[in-house]
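Trainee: Let's have the full structure, built from the sequences with the hints guiding it.
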Amino acid sequence: MAIRKILLLVFILVLLTGCSTSVGFKTVNTTDIDEQQAETLLKEDKRIKNAVMLIHDDRLIAGLRVNTFERFSKRKIAKELSKELKKMYPDLKITVSADSKVLLETNKLIEQENEQNYVKQMKKISALVKEET
Amino acid sequence: MDEKKYQQLEQQITPKPKYLKNCIAAFLVGGFICFIGQFVALFYISYFDFTERTASNPTVATMIFISMLLTGFGYYKKIAQVGGAGSAVPITGFGNAMISAAIEHRSEGYVLGVGGNMFKLAGSVILYGVFSAFVVALIKTVLVGLGVVSW
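Protein chains in written order, with the working numbering: chain U, 15 to 147; chain W, 997 to 1147.
Source of the hints: derived by calculation from the structure; they are not laboratory data.
Glycine residues also receive a C-beta, built at the ideal position from the N, C-alpha and C atoms.
Check the hints yourself; a few may be wrong.
To be verified - Cβ pair distances, simulated, as ranges:
no., chain 1, residue 1, chain 2, residue 2, range
1, U, Lys90, W, Ala1084, 31 to 41 angstroms
2, W, Leu1016, U, Asn131, 50 to 60 angstroms
3, U, Lys97, W, Val1107, 57 to 67 angstroms
4, W, Phe1035, U, Phe86, 21 to 31 angstroms
Mentor: Listed below in structure tokens is the structure:
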């Protein structure tokens, strides 16, 4: 009986550690635009847990992960931040999304470190965000 | 034996349903089905071009397909025996309702039996869903046309 309890405990622990993986805040900038203010904007927002930002060419993509109970208003948060970023960088095409797909893909793109791929992939991510149902 | 006596007797004999136990079992089983569904959604998000929002469609289809297979092989009724409402309320219950009706009427032939009775239980769900979606879309179209809200 004791071994069952231990097994259950181990199972739960293993299951729960999966929730704690995080990428933190990451920014990659291949242009000479100042990315500091965007970074501080994301970092100072208490509702955001992780953020990955990629600035390349004339596009800015930010994938966010919001706190668990803020998920209910994640679209609103993304919209708000998108507006602020547009104010900061009027000539960039900005995509902000709290969808985990954006965070995942942007992170993958950064880790691949293949700059030729950036434009094509970033266009694809922006198109995905706009897609309805 | 008059009516009152009979009722008393009936109440004595009828076993009390274990509400709390049933609720917990339904919660766990339903939660576990959703847990699997979450993994399916994650699979579609990471390996295909679906976002969190659009991944729900293929996820629902996959879950229905899995429950249809389980019903056909006779495993779903075992889950339902433990889980009760927990196995009926998620979308998997829909696949179960369809296939079990099809199996039940198999002896009446493929067209009039299986074809005619397959949607006996699940048909109302589809009809209700389609109709209410139509009504909601109609209301939204009118509101957008009037300029009250935007898409």
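Trainee: For the pair W/Leu1016 and U/Asn131, does the Cβ-Cβ distance stay inside 50 to 60 angstroms?
Mentor: At 56 angstroms between Cβs, range holds.
Trainee: Verify the CB-CB distance for W/Phe1035 and U/Phe86 against the hinted window 21 to 31 angstroms.
Mentor: holds (22 angstroms)
Trainee: Is 57 to 67 angstroms right for how far apart the beta carbons of U/Lys97 and W/Val1107 are?
Mentor: For W/Val1107 against U/Lys97, whose Cβ atoms are near 58 angstroms apart, the range 57 to 67 angstroms holds.
Trainee: That 31 to 41 angstroms hint for U/Lys90 and W/Ala1084 (C-beta), does it hold up?
Mentor: Cβ of U/Lys90 to Cβ of W/Ala1084: about 34 angstroms, so the range 31 to 41 angstroms holds.
Every hint from the earlier list agrees with this structure, and none is contradicted.
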